[in-house]
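These protein sequence lines map, in sequence, to chains A and B.
All residue numbers for the first sequence refer to this note's numbering, where the first residue is 350 and numbers rise by one.
All residue numbers for the second sequence refer to this note's numbering, where the first residue is 3 and numbers rise by one.
Note that these hints are calculated values from the structure, not bench results.
Please note that the accuracy of each hint is not assured.
[To be verified] Partial list, computed: chain B residues near chain A (C-beta under 8 angstroms):
| # | residue |
| --- | --- |
| 1 | Ser298 |
| 2 | Gly441 |
| 3 | Ile445 |
| 4 | Ser446 |
| 5 | Glu464 |
| 6 | Thr510 |
| 7 | Arg583 |
| 8 | Glu588 |
| 9 | Tyr630 |
| 10 | Val688 |
| 11 | Thr689 |
| 12 | Gly747 |
| 13 | Phe748 |
| 14 | Arg752 |
| 15 | Ser806 |
| 16 | Ser809 |
[As the list claims (entries may be wrong)] Okay, the calculated beta carbon distance ranges per label pair:
| # | chain 1 | residue 1 | chain 2 | residue 2 | range |
| --- | --- | --- | --- | --- | --- |
| 17 | A | Tyr406 | B | Thr319 | 33 to 39 angstroms |
| 18 | A | Val506 | B | Pro569 | 35 to 41 angstroms |
| 19 | A | Asp600 | B | Gly669 | 35 to 41 angstroms |
| 20 | B | Ser794 | A | Ser584 | 55 to 61 angstroms |
| 21 | A | Gly370 | B | Ile388 | 47 to 53 angstroms |
Ideal Cβ positions, reconstructed from N, Cα and C, are used throughout, including at glycine.
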Amino acid sequence: MKTIKTIIYSASLFLAISCTGDFDEINTKQQGFESGELSAKFFITETQFNLYAPSRYAYWRAHLIHSDRFAGHVTFGHDKSWWNDGLSYSFNGGYTDAAWGWYSGYFGNVKKFLDLTKTGGEFDNQNMYATGLIIKSLYYQMYTDTFGMIPFSEAGVAGNLTPKYDDQKDIYIGIIADLDEAMALIGSDTKTGDGVNDLSDNDLYCGGDLQKWKKLANTLKLRIAMRALGATGESFATAAINEAIASPLLDNGTGSVTMEKDVKIGQWGSAAYGDVWTSFGAGSDWTMGATLINTLQNSSDPRLASYASPAPGGEFTFDSDGATADYQEQLDFIIANLDNANAVYTKTISGTVTTVTVPANQYIGQPTRLNGLIKPMVKYDMFSKPSDLVIQATGKGAPVYSEIILTSAEAYFLQAEAAVRGMGSGNAQSLFESGIKEAMKLWDVSSGDADTYVASQAAANITTGTLEEKLEKIATQRWLASYTDGFEAWAVVRDYGYPSELAAGVSNPKIFELGTLNGNYPQRMRYGSGAQSNPNYAQAVSAQGADVQGTKLWYAKN
Amino acid sequence: MKKIKILLFTVFSLLLCTNMVGQEKSISGTVTSKTDGAVLPGVSVVVKNSARGTETDFDGKYSIKASVGDVLTFSFVGMKSSSVTITSNSSTVNVALEDGDNILDEVVVTALGISREKKSLGYSVANLKGEAVSLAKESNVVNSLAGKVAGVVITQSASGPAGGTRVVIRGNNSITGNNQPLYVVDGVPVDNSGIGSANGSNTSEYSRSDLGTGISDINSDDIESISILKGPNAAALYGSRASNGVVLITTKKGNTGRGLGISLSSNVSMQSPLLLPKYQNQYGRGVDGAFAADLSQLKSAGSWGPKFDGSQQLYYTGENRAYSAQPNNVKNFFRTGSSVVNTIAISKSTENSSLRFSYSNSKMEGMLPNSSVKRNNFNVRASSKITDKFTLDTKVTYFLQGAKNRASQGTEGVMAYLYGLGRNVDVNDLKNYQDLTQGYGVISSTASGGNPYWILNQDKNEDFRKRLTGFAKAQYDFNDNFKAFVRVGTDVVDHQTENVTATGHHFTPEGAVGYSTFDTSETNYDFLLMYNKNINDDFNLTANFGGNALHSTSKYSSIRGFDFKIPGKHFIANTDPEKLRVSQSELVEKKVNSVYGSASLAYKGMAYLDITGRNDWSSALAAKNRSYFYKSASLSLLLNKVFNIESEKINFTKLRLSYANVGNDTGPHQIVNLFNVASNGYLGNVTVSSPNVKFSESLRPEDVTSTEVGFEIKAFQNRLFADFTYYSINSKDLIFNVPVDPATGFTHFRDNVGEITNKGFELMIGGTPIKTDDFDWSISANIAGNKNKLVSLIEGQDFFQFTSNNSGTIDVRAQVGEGFGDIYGTDWKRTDNGQLLLTASGRPQATSERVKLGNYQPDFTGGISNTLNYKNLSLNFLVDFRIGGQVYSGTDSALDAGGVSTRSLEHRDGITLDGVWDDNGTLTPNTTSITGQQYWGAVSGIASEYVFDQTNVRLREVSLSYKFSSKTLSKTFIKNASLSLTGRNLFFIYKKSENFDPESSYSTSNFAQGVLYYNLPTSSSIGLNLNVKF
């Protein structure tokens, strides 16, 4: 009996105690690092590219499907497309959730970088912290301009699982405060440190150049303040604008802040338009928006060939036999669009068949928001596609457009607007011209062509006209310069109401998809379904207005 | 906790030190088969009304201690039990058992492989003979449990042969954790984790593939018996993984008696679709009642054209074709599936050892063209009695499987390109899927670009599995009262997949190829000390004490190449090296150490008390929460004996009470957050990413508590029996990725939250209404109901979403105050007073908010099985049913939108809906007419139209067997022979859904249940089975 007892006790003791010795070790993942084994600079890179070039899922659903299309730059809804162009103008829960998931989920990236670099953090470095604050500001501007009220002041506060949603006004004030703090921290420093403490190439935006970061921050402050200007109850914009224009901004010396694309990383690491264009089915292809193409074409804009490639053209037949009652109206619309693009074409009618022949090498945009009824008549080859640079397949060694973070052009346009509004001492026309030239540089337009444009085109001239006319021209140039940066372009349309053709929305249900917006221009995106589990969601909706796409955001009112 | 542990140890110590009393003596003997006189090893010999028992050895010999007046019961699966009373002069008791069934003195295998008299158990156990699963064969053996065991919900993933199956016993207890039972084969747990997206937490509806799970690798011909220990009560000795119940499988040993035995089993069956969607055959492709204007319009058109008239019209190939219906175009895509399974078993017993070898070969050709599964199964079982007291028992099983074209399911799966085919499209034309003179692109009848023949012939979807399972067990019998064994068992799986999307594929035109390997292993080392003693005339005590060390590992690696340089051949070197994707995991390990003990006290054959205790130390939890204890107690009271009721009519009444509490840990590497370095960086810079899920060191095991009350009665010479169980299971501290507002910096926190309850009943009634010498009929019916409730989740969070569809019309969630698996979706948009609120153009609209439309868990499940024996002929049939529970069919929605369903005939000629539209605030009656296409286009986005009741009754299984009489065979060298005609899933007796099998699923995981998108049809199977023994 004793033996048995000894066996039992020793066996249990053996199992229970001596064998758990390696438990912590085997339960710790070996293919992972603790922060102490790393450097802070490794963290900034993903934080940066995830904001402008995330994986295909977000790039496709948040960027292309929503922002770029709402901006009117590109469209679906041609006969080869999987969708009519009403997609997302009619609320789509799945795509909305995907976009919300990306926007809201991004926060963890920047919070982690801030936590690691803050005073007392693992890598305590105030300059890195400052760059983190600026990235956070870039992010929040995009995020709040898409949804409106979102958690800001209580975001990332330890222990708070249900942060409150802040008013957009307070978020703007908060962003400006963050930017001011960042600029103050940077002071006159030029880099974040030496060796592994120097962000250098890991910093995809400014290559570790802190003074460029500072100008980026100041330019962003100017953008935010200008957007807030005149919105209900704001009292900070004028002061912020004056502060910003009195300090160094991005200019023709610094150039624009852009992010070179990694074309080897693969679409699930960081996507480019070309990944969707070449690696997805042909039904995902998009065409150029008519408003964009016509605006460029009407002012002989030298960027046209950089933005888009000409329509392939061809012979297109339409048959009224057995067609719906709206056939003629729809056909007339298609032909009117060719006229609006000043396209050369021939039209012959034989019995019930109308044949339209469109020669190649013309730039023809596709009207946006077309419905499913007209879709079969919207012939893919009749319209311009994005230029090769924009839709270049990745991994082929060929260059791909860079992502726009914030342009020097924007700095000039904002200063020009300040000048036309009588703020500061700048010369509005020369600032405006500098802005256009900087914007054209991004697309490798020769300085001669840029000079010709600013010298000859009314679109580049704000020396005459009413304030509203000048603002329209500035807004239009900002909208043009934001090609591939649909977030900003869409915000410009909502803020200024230009291009008015887009801002007006659509009304003819025979041609257009009125959608859940009843034809109105989308003013925001709905929150994702995941947001509704935060009890503060309800409070946000009651303060801001119904959680629908038509609810105007604070800055866009008035 | 501590107290209970101390108590337990004290009980043991007491037990071991007490001087035992009783007039016991040793009884020994040999058990043989009455039919052929062969000795029977493995026969359970138990002292009736005690918890004491043993088994016969390889020579059919046994030895047991019993007192005068005790009754020894001899039982063996497939044979009638026999009882012998010990008299003062009996020391040798030889028994010959008859073939047949027994109901009363059933002996079942319980936890730790211990055979017990069923009546002594205070919890419910269901058991099945091997024949019940091997006759009407299923390629995944657990599918055969459907309808036979009360309280078990079987959901087969509709993925073709040898796919996975979701088994849920007594409801779902964990939200994101495993809800499926633990499978134990011959005492050794089998890793049932599945590989393939159907088994993971992937929630997308696009494409799910199911490569089967561990249990689908078991050869049904090797199964001797199956015991199902429902719920934690029965399973408290198996540890965390058993909190959802245990399926204990006992395989065959060499038991044909002295000398050589050879048995052959051959099974051939044919499969065809049980149910395909119902199609209309009046209208072909077109738009709003008109022909398509040109090819591009035609390719994006549904079947919304004019009525068929046979006229020459544009066809998707660009030619003109007769415009007429192709009524069987979907059906003709399928071929008759076939399955051929041959098993040979050879066994040889000598005086001190036995050996059984079996080899099984299966070849299954799926109903989809070019799809197949091939299997080879080798099994060796050897036992040897090395000395009188020392026995060695070993088994090795080697399993090889190769599968080709297991169909992916979902909106981008193979069926997505078939079910919606235009009604005038001949499916045979799709066999021309590529024209190399025109480039590599896929030729499709639709704008979306897919072609099912391309997917099955041009792309590649293959997987291979090698599985080695085995154990070695050494038992030492110190004396008749005290025995002990040590055992090591292992289950090693090597799984490889190969996938190709060929150049020209509609989604990846440049093509891609991927290889992956998954290696898993699980090794269990255990020992068990077993002690049995009659304390006095009234009390008998059995005690077991054991320990187990579990070590599991997994490793994964994959390589994927994109963009074939030279199309046509598919291998990595032929892809773009810049785009190569490689991933590889470390060896992930988990260890759980356990000690456990059980004590069973039997009183005068009328009351049985069992207590168990177990402590686990899991490596998956942080040090402070690593050790956790759980326990169970159960009581069985034979009421007729307790109250001394002697009745001619009532033979047996029993009351069961039990309580159990079980912990449930988590997977490895879930405690410490680490940063991951990206394999490719960005522009050559090192990049590090931060986790989205915040882990917590304070994670505790989940806590499952179950109570159970049961009542059994047997009457009229055991010709009638009934068994009723009520249970209540409460799961707390669920380990869970709690979705948090991403503004916290994380998308999820890993935490212990919430509470789920499952309450339900199980009722089984059966009997033998007719019994004559030549004919008998027995019937058994069962029904079970389960009510599940999510009591709480986390402060401020009232639901967890498992899945939502791409268009956002539907989601499946666990909703606080309601259930696990609630289906929420859009409904018809109405005004406050209930009128349809239409758009200005007269179309119906969906609400933007989702409302509750159902729940995917059935309310009741059950079955009725009948066995009729006439002389050598035996007929079995099983009708099973499911009542309640809903499922959303994305397929039906798509078929209506595409105008191909019979339902889309409604309103074909247009309709002016009775409703109002909002004219700038004024509700104006609708006068606008819309076309059928517009109507169904809008309705297909209203989820409430596509939530179907799962209620159905079907003829699940039929078998007609003829057993050649021993007289006929006596002049031949054949000992035994039987021939059976079998059928499975033959037809629905009743169902509410029109177009699909409401019990099918495209996933076995907790995610994506309750929704169906383009599943493969369930197969209906007819087969022939021949068993011969030499």
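_To test your reading of the hints: which numbers does this structure violate?_
The structure conflicts with hints 2, 3, 4, 5, 9, 14, 18, 19, 20, 21, although it agrees with all the remaining ones.
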